[in-house]
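Asks: Here is how the chains run, residue by residue.
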Amino acid sequence: MRQSTISRLFGQSPFPLLKDHMAKVKLCIDQVRPMMDAFTEYEGTREKEFARQIMKLEHEVDMIKNNIRDHLPKSIFLPVDRRDLLELLSAQDEIADVCEDLAVLVTLRVTKVHPGMKDDLFAYLDKALETAYLAVDIIKELDAMLESSFGGKEAQKVIQMIDQVSYLEWEADKKQYKLAQRLFELEKEMSPVDIMLWFEIFKVIGNIANAAEKMAKRLRSFFVSQ
Amino acid sequence: MDPITITIVITATVFCVYMAWNIGANDVANAMGTSVGSKALTIKGAILVAAIFEFSGAVFIGSRVTDTIRRGMVDTTIFVGEPVTLVYGMMAALLAAAIWLNIATKYGLPVSTTHSIVGAVTGFGIIAGGFGAISWGMMAKIVSSWAVSPLSGGIMAFILFNFVNKKIINADDPLKALTVYVPILVFIVITIIGIAVFYEGLASLDLAITFWQALGFAGGTGIAVSLWTMNFINKVIARRDPETLDRFNFIEYIFKYLQILTACYVALAHGSNDVANAVGPYAAIISIVQTESVLARTAVPIWILAMGGVGIVVGLATYGYKVIETIGRKITELTPSRGFSAEFGAATTVLIASKLGIPISTTHTLVGAVIGVGFARGISALDFRVVRNIFSSWFITLPATMIISIVLFLIFRFVFGAM
Numbered sequence: 001m002r003q004s005t006i007s008r009l010f011g012q013s014p015f016p017l018l019k020d021h022m023a024k025v026k027l028c029i030d031q032v033r034p035m036m037d038a039f040t041e042y043e044g045t046r047e048k049e050f051a052r053q054i055m056k057l058e059h060e061v062d063m064i065k066n067n068i069r070d071h072l073p074k075s076i077f078l079p080v081d082r083r084d085l086l087e088l089l090s091a092q093d094e095i096a097d098v099c100e101d102l103a104v105l106v107t108l109r110v111t112k113v114h115p116g117m118k119d120d121l122f123a124y125l126d127k128a129l130e131t132a133y134l135a136v137d138i139i140k141e142l143d144a145m146l147e148s149s150f151g152g153k154e155a156q157k158v159i160q161m162i163d164q165v166s167y168l169e170w171e172a173d174k175k176q177y178k179l180a181q182r183l184f185e186l187e188k189e190m191s192p193v194d195i196m197l198w199f200e201i202f203k204v205i206g207n208i209a210n211a212a213e214k215m216a217k218r219l220r221s222f223f224v225s226q
Numbered sequence: 001m002d003p004i005t006i007t008i009v010i011t012a013t014v015f016c017v018y019m020a021w022n023i024g025a026n027d028v029a030n031a032m033g034t035s036v037g038s039k040a041l042t043i044k045g046a047i048l049v050a051a052i053f054e055f056s057g058a059v060f061i062g063s064r065v066t067d068t069i070r071r072g073m074v075d076t077t078i079f080v081g082e083p084v085t086l087v088y089g090m091m092a093a094l095l096a097a098a099i100w101l102n103i104a105t106k107y108g109l110p111v112s113t114t115h116s117i118v119g120a121v122t123g124f125g126i127i128a129g130g131f132g133a134i135s136w137g138m139m140a141k142i143v144s145s146w147a148v149s150p151l152s153g154g155i156m157a158f159i160l161f162n163f164v165n166k167k168i169i170n171a172d173d174p175l176k177a178l179t180v181y182v183p184i185l186v187f188i189v190i191t192i193i194g195i196a197v198f199y200e201g202l203a204s205l206d207l208a209i210t211f212w213q214a215l216g217f218a219g220g221t222g223i224a225v226s227l228w229t230m231n232f233i234n235k236v237i238a239r240r241d242p243e244t245l246d247r248f249n250f251i252e253y254i255f256k257y258l259q260i261l262t263a264c265y266v267a268l269a270h271g272s273n274d275v276a277n278a279v280g281p282y283a284a285i286i287s288i289v290q291t292e293s294v295l296a297r298t299a300v301p302i303w304i305l306a307m308g309g310v311g312i313v314v315g316l317a318t319y320g321y322k323v324i325e326t327i328g329r330k331i332t333e334l335t336p337s338r339g340f341s342a343e344f345g346a347a348t349t350v351l352i353a354s355k356l357g358i359p360i361s362t363t364h365t366l367v368g369a370v371i372g373v374g375f376a377r378g379i380s381a382l383d384f385r386v387v388r389n390i391f392s393s394w395f396i397t398l399p400a401t402m403i404i405s406i407v408l409f410l411i412f413r414f415v416f417g418a419m
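Taken in sequence, the protein lines are chains A and B.
Note that this note's numbering has the first sequence beginning at 1, numbered continuously upward.
Note that this note's numbering has the second sequence beginning at 1, numbered continuously upward.
The hints are simulated quantities; they were obtained by calculation from the structure and are not laboratory data.
Incorrect hints may have been included.
What the hints assert, rightly or not - When the alpha-carbon atoms are kept at most 30 Å apart in a straight line, the in silico DSBU-like pairs for lysine-lysine are as follows:
#1 A/Lys153 with B/Lys39
#2 B/Lys106 with A/Lys157
#3 B/Lys39 with A/Lys140
#4 B/Lys256 with A/Lys140
#5 A/Lys157 with A/Lys19
#6 B/Lys176 with B/Lys355
#7 A/Lys153 with B/Lys106
#8 B/Lys39 with A/Lys74
#9 B/Lys166 with B/Lys176
#10 B/Lys167 with A/Lys48
#11 B/Lys167 with A/Lys140
#12 B/Lys235 with A/Lys217
#13 A/Lys74 with B/Lys176
#14 B/Lys141 with A/Lys19
#15 A/Lys217 with A/Lys157
#16 B/Lys106 with A/Lys74
#17 B/Lys330 with A/Lys19
#18 A/Lys74 with B/Lys330
#19 A/Lys157 with B/Lys44
#20 A/Lys153 with B/Lys166
#21 B/Lys166 with A/Lys217
#22 B/Lys106 with A/Lys140
#23 A/Lys157 with B/Lys256
#24 A/Lys157 with B/Lys39
#25 B/Lys176 with B/Lys235
#26 A/Lys140 with B/Lys330
#27 A/Lys153 with B/Lys322
#28 B/Lys330 with A/Lys174
#29 A/Lys19 with B/Lys106
#30 A/Lys140 with B/Lys166
#31 A/Lys19 with B/Lys235
#32 A/Lys153 with B/Lys256
#33 A/Lys217 with A/Lys153
To be verified - Among the chain B residues that face chain A by a calculated CB cut under 10 Å, a handful are:
#34 Gly33
#35 Thr34
#36 Lys256
#37 Thr363
#38 Val370
#39 Ala376
#40 Ala381
Where a beta carbon is used, it is the ideal one built from N, C-alpha and C, also for glycine.
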């Protein structure tokens, strides 16, 4: 079969793969809440199932990331700066990485949760996850962004979503502060090692929201880089 | 006619049809492929549109570029004393271009049929008549147009896509924008096609009409189709529920119809420009054989243009559809609004070049136009390796076809001269 000049002009688009990547990241995020439920219900076994699941998914996320990087030769011309695209990819990847960090922490040691901090803990976790899910939703808009050439109403809509992610991250920060205060109020009723581990967990949960915010900020450069 | 002349005519006819077949098999596929890729046309639809409009373009508008290849590049008056030399030369040029096309496509070089024939005619011209036989002014014009035409197609497509993007796709009320701007775009396309067909086209049928009459016909048709379009869009909008309407899908749905129009436009422009690559040298041969002299001015007989047109359509039907199929599968990221902009930019450039009698590459112009849309952030991934290859093909095609043509010319002169 003779090669056609026109068909060879069209390279493989990395954007569908970027969406596949984020879809896998979302599966990682999906495991976090049930994992923490299991962890705080003090079973000591079931959270390991979820943690293993996250580690497996994180590996698959990595594979997609490498695949995108390998199939993006310098000769490919994209509607966005390729550096911006690769940074967005790394930022998406980091969300899955942080989920894995949390999975590692909860499998380290069976740690008691003080009933007095449970409500604040889950309020904080849910806010961090809400931030991450909004980042997932933004990537679902990629097709519409491409169709509108990263302009017009669609751009405004996505920029609003990006701002909303930053706002949610800030709210998560506030909840973390409140939760940390609560933890130290209860310090006399808890073992020092439990406190140490919980404090570490809080930080990693915060990192989920931070990674989501970082990803959203990376996407913003798609709109201004023209 | 003596047996040698008959042999020459038959051989030349075979070369001409083979060249036309080549154009139909590859170039047409490149020209129509974007319409199939964006799913504006099915493969069958693309073949039908191409057959009708390639043929019309070849027969009704094709004569200008044919004349340039026949007479404009090589000073034919040099051969008045020995017209057979010009016959051997043109035969060599036809075969050389066809052979080079086969070699180059085998190695995946994005060569152009136009560039090949220009190189081949030049090659024999230099060896048979010396450097003075080449009209270097025309050559400079032709070669510079190879850089200018993709650029021009690109700029036009860039501007048009930015317009479509701002005024329709990203409009606050895209449905209203569709009813306002799409009829205007339809009017522009129909009027340009109309002028091209009516003005010079009917002249070749001895129905001479003035430019203003042509403009009147074309504009009238344009307004009529444009009003019909407005009515059509309004009806389609009325049938849909605005609440559940996916605006981007709907815009692309409307642009599918627009792209069918530009697909016709591309086929027409391509036929008018590229038929010359096959029939230009052939027309020169026939004219010499019939009159036994090198005439300074003769019109290209319409049957020769028609023969070229038929050759192109046969090439498309026997092989080109396979290439179109490949292209359609490969181009999945091109939507009708992008395809429309690229095809309009490319076809307008090609048509203008045709009218000026300058042979340019339709495929390379279309590549330029698609890149123009890409620069307007309209396409998710373009592979620029093709651009590098196009540049290198420019520098290889001319010397390669010149050498092949010179060798074939010497062989033909030896073989037929000894008969």
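Asks: Against each hint, give a clear statement of whether it holds in the structure.
Replies: Evaluated hints:
1. Restraint check for A/Lys153 and B/Lys39: satisfied, since their Cα atoms lie roughly 26 Å apart, inside the 30 Å limit.
2. Between B/Lys106 and A/Lys157 the CA atoms are separated by roughly 49 Å; this puts the pair beyond 30 Å, and the hint is violated.
3. Among the hinted pairs, B/Lys39 with A/Lys140 is consistent with the structure: their alpha-carbon atoms are about 24 Å apart, no more than 30 Å.
4. Of the supplied pair hints, the one linking B/Lys256 and A/Lys140 holds, its CA atoms being roughly 25 Å apart against a limit of 30 Å.
5. Restraint check for A/Lys157 and A/Lys19: the C-alpha separation of about 18 Å stays at or below 30 Å, so the hint holds.
6. Annotation: proposed proximity of B/Lys176 to B/Lys355 is violated, straight-line Cα distance about 37 Å (limit 30 Å).
7. In summary, the hint linking A/Lys153 to B/Lys106 is not supported, as the alpha carbons are separated by about 47 Å, beyond the 30 Å threshold.
8. Restraint check for B/Lys39 and A/Lys74: the C-alpha separation of about 29 Å stays at or below 30 Å, so the hint holds.
9. At roughly 13 Å between alpha-carbon atoms, B/Lys166 and B/Lys176 fall within 30 Å of each other, so this suggested pair holds.
10. Distance restraint check for B/Lys167 and A/Lys48: the Cα-Cα separation of roughly 55 Å exceeds the 30 Å cut-off, and the hinted pair is therefore not satisfied.
11. With a C-alpha separation of about 25 Å, the suggested pairing of B/Lys167 with A/Lys140 holds against the 30 Å cut-off.
12. Between B/Lys235 and A/Lys217, the direct Cα distance comes to roughly 43 Å. Violation of the 30 Å bound is thereby established for this hinted pair.
13. Of the pairs offered as hints, the one joining A/Lys74 and B/Lys176 is violated, with about 41 Å between alpha carbons and a cut-off of 30 Å exceeded.
14. A hinted pair counts as satisfied when its Cα atoms are at most 30 Å apart, and B/Lys141 with A/Lys19 does not qualify at roughly 48 Å.
15. Using a Cα cut-off of 30 Å, the hinted pair A/Lys217 and A/Lys157 holds, with the two alpha carbons roughly 14 Å apart.
16. Our distance criterion of 30 Å between C-alpha atoms is met by B/Lys106 and A/Lys74, whose separation comes to about 26 Å.
17. Straight-line distance between C-alpha atoms of B/Lys330 and A/Lys19 comes to about 20 Å, which keeps the hinted pair within the 30 Å bound.
18. Simply put, A/Lys74 and B/Lys330 have alpha-carbon atoms about 20 Å apart, close enough for the 30 Å limit, and the pair holds.
19. Annotation: proposed proximity of A/Lys157 to B/Lys44 is violated, straight-line Cα distance about 40 Å (limit 30 Å).
20. Simply put, A/Lys153 and B/Lys166 have alpha-carbon atoms about 10 Å apart, close enough for the 30 Å limit, and the pair holds.
21. For the hint pairing B/Lys166 with A/Lys217, the CA-to-CA distance comes to about 25 Å; that is within 30 Å, so the pair holds.
22. Restraint check for B/Lys106 and A/Lys140: not satisfied, since their Cα atoms lie roughly 42 Å apart, outside the 30 Å limit.
23. For the proposed pair A/Lys157 and B/Lys256, the alpha carbon gap of about 27 Å is at most 30 Å, so the pair holds.
24. For the hint pairing A/Lys157 with B/Lys39, the CA-to-CA distance comes to about 29 Å; that is within 30 Å, so the pair holds.
25. Using a Cα cut-off of 30 Å, the hinted pair B/Lys176 and B/Lys235 holds, with the two alpha carbons roughly 13 Å apart.
26. Between the alpha carbons of A/Lys140 and B/Lys330 the distance comes to roughly 24 Å, so the proposed pair stays at or under 30 Å and holds.
27. With a C-alpha separation of about 41 Å, the suggested pair A/Lys153 and B/Lys322 falls outside the 30 Å cut-off, and the hint is violated.
28. In summary, the hint linking B/Lys330 to A/Lys174 is not supported, as the alpha carbons are separated by about 50 Å, beyond the 30 Å threshold.
29. Of the supplied pair hints, the one linking A/Lys19 and B/Lys106 is violated, its CA atoms being roughly 37 Å apart against a limit of 30 Å.
30. Taking the CA atoms of A/Lys140 and B/Lys166, the gap is about 23 Å. The hint holds against a cut of 30 Å.
31. Distance hint between A/Lys19 and B/Lys235 is unfulfilled; the C-alpha atoms sit about 36 Å from each other, more than 30 Å.
32. Between A/Lys153 and B/Lys256 the alpha-carbon distance is near 23 Å, which keeps this suggested pair within the 30 Å criterion.
33. About 19 Å separates the Cα atoms of A/Lys217 and A/Lys153, which keeps this hinted pair within 30 Å; it holds.
34. Restraint check, B/Gly33 versus chain A: the minimum CB separation of about 5 Å is within 10 Å; hint holds.
35. The beta carbon of B/Thr34 comes within 6 Å of a beta carbon in chain A, closer than 10 Å, and the hint placing it at the interface holds.
36. Annotation: interface hint on B/Lys256 violated; nearest CB of chain A at approximately 14 Å, more than 10 Å.
37. At about 5 Å, the closest approach between the beta carbon of B/Thr363 and any beta carbon in chain A falls short of 10 Å, and the interface hint on this residue holds.
38. The interface hint given for B/Val370 is met, as the beta carbon of that residue sits about 6 Å from the closest beta carbon of chain A, less than 10 Å.
39. Annotation: B/Ala376 was flagged as interfacial toward chain A, and the flag holds, the nearest CB pair being 7 Å apart, inside 10 Å.
40. The closest approach between the C-beta of B/Ala381 and any C-beta of chain A is roughly 4 Å, which is under the 10 Å cut-off, so the hint is satisfied.
The structure does not agree with the numbered hints 2, 6, 7, 10, 12, 13, 14, 19, 22, 27, 28, 29, 31 and 36 stated previously, though it agrees with the rest.
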